[in-house]
Amino acid sequence: MHLSFPAVAASVPEARRQVVQLAERIGASPATVADVALAVSEACTNVVLHAYREHEAPGVLHVDAHERDGMLEVVVADEGGGLRPREDSPGLGMGMALMAAVASGLQLDHDGAATRVHLSFELQPPVPAATPENGAEPPGGSPADRD
Amino acid sequence: MAIEHDIESAHDGPFGLHAATTGATYRVTLRGEFDLAAVALVEEALERAYEGGVRVLDIDLAPLTFLDSSGLRVILGAADRAAVHGVELRLRRGGETVQRVFSITGLESSLPFVDEPCT
Chain A
25 MHLSFPAVAA SVPEARRQVV QLAERIGASP ATVADVALAV SEACTNVVLH AYREHEAPGV
85 LHVDAHERDG MLEVVVADEG GGLRPREDSP GLGMGMALMA AVASGLQLDH DGAATRVHLS
145 FELQPPVPAA TPENGAEPPG GSPADRD
Chain B
220 MAIEHDIESA HDGPFGLHAA TTGATYRVTL RGEFDLAAVA LVEEALERAY EGGVRVLDID
280 LAPLTFLDSS GLRVILGAAD RAAVHGVELR LRRGGETVQR VFSITGLESS LPFVDEPCT
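Protein chains in written order, with my numbering: chain A, 25 to 171; chain B, 220 to 338.
There's no promise every hint is true.
As the list claims (entries may be wrong) - Here are some of the chain A residues that sit facing chain B, going by a computed Cβ distance under 8 angstroms:
| id | residue |
| --- | --- |
| 1 | 37 |
| 2 | 119 |
| 3 | 121 |
As the list claims (entries may be wrong) - Here are the computed distance ranges between Cβ atoms for each label pair:
| id | chain 1 | residue 1 | chain 2 | residue 2 | range |
| --- | --- | --- | --- | --- | --- |
| 4 | A | 82 | B | 243 | 38 to 46 angstroms |
| 5 | B | 302 | A | 34 | 37 to 45 angstroms |
| 6 | A | 97 | B | 318 | 26 to 34 angstroms |
| 7 | B | 334 | A | 78 | 39 to 47 angstroms |
Since the hints were derived computationally from the structure, they do not count as laboratory data. All C-beta atoms in this analysis are idealised placements derived from N, C-alpha and C, irrespective of residue type, glycine included.
Put together the whole structure using the sequences plus the hints.
Structure follows, in structure tokens:
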């Protein structure tokens, strides 16, 4: 799936929902779907807020998503200046922290013409073994409801 | 006096808010998906909390189905401004999908969450 949107605030929920729908179609667990929603939202928000600050017109927000070997691979890219912090919007650090916390893999690259955020997610992550500390359900028990 | 705002975001994931003043309490109820697209609307509604006469600002996160760092920044800004204006802030907890954003960022324990419905 390849999607392109104007890099404006209204595109963030639209992009997020389309990737979430793909994740659901290919059998991602509810927990993974929630992780995908949060990380994709953060990556798209970064493009809208940070990539085209010196442009008069909104640039382009690219979102690619596909399944590979039990993983959902998502690439969020811009054609602008990349993920530079800005003093009037100190959220870049929080967004990156959230992406790093919920994605199985996170990688950034910038080639001078575009910045790409690569996110990967396990469609069916293993259920943690039950311990007195984490209170997780044993395999075969009720799946954890993260919603 | 009560004000009400509703917007319909793209596709099937609406965001909406209801804001109303009762005595010295100003309550803002947020529902749906709170992301960058909803920031301006929420910030506009929250401005009323700092215009004088408000002692308590209740923000109800329970009806939210999604929150990201954009929404989180608005909540943090509300906490800062409420403190400056001498307004007591109360945050009704959201569901797990919402609360984990506060938890991951280490902010859950520093914000005035309450479990009971805002009154």
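### Message
Between the beta carbons of residue 302 of chain B and residue 34 of chain A, is the distance compatible with 37 to 45 angstroms?
### Response
violated (32 angstroms)
### Query
Holds or violated: 39 to 47 angstroms for the Cβ distance of residue 334 of chain B and residue 78 of chain A?
holds (46 angstroms)
#### Entry: Satisfaction of the hinted span 26 to 34 angstroms by the C-beta atoms belonging to residue 97 of chain A and residue 318 of chain B
At roughly 28 angstroms between Cβ atoms, residue 318 of chain B and residue 97 of chain A fall inside 26 to 34 angstroms, so the hint holds.
### Message
Please check whether residue 82 of chain A and residue 243 of chain B have a Cβ separation lying inside 38 to 46 angstroms.
### Response
Between residue 82 of chain A and residue 243 of chain B, where Cβ atoms are some 42 angstroms apart, the hint holds.
### Query
Should the hint that residue 121 of chain A touches chain B count as held when the rule is a Cβ pair under 8 angstroms?
Holds - the Cβ of residue 121 of chain A comes within 8 angstroms of chain B, reaching about 6 angstroms at its closest.
### Query
Does residue 37 of chain A pass the interface hint, meaning its C-beta sits closer than 8 angstroms to a C-beta of chain B?
Hint on residue 37 of chain A: holds, closest Cβ of chain B at ~5 angstroms, below 8 angstroms.
#### Entry: Residue hint residue 119 of chain A, partner chain B, criterion CB-CB below 8 angstroms
holds (5 angstroms)
When held up to the earlier numbered hints, the structure conflicts with hint 5 and nothing else.
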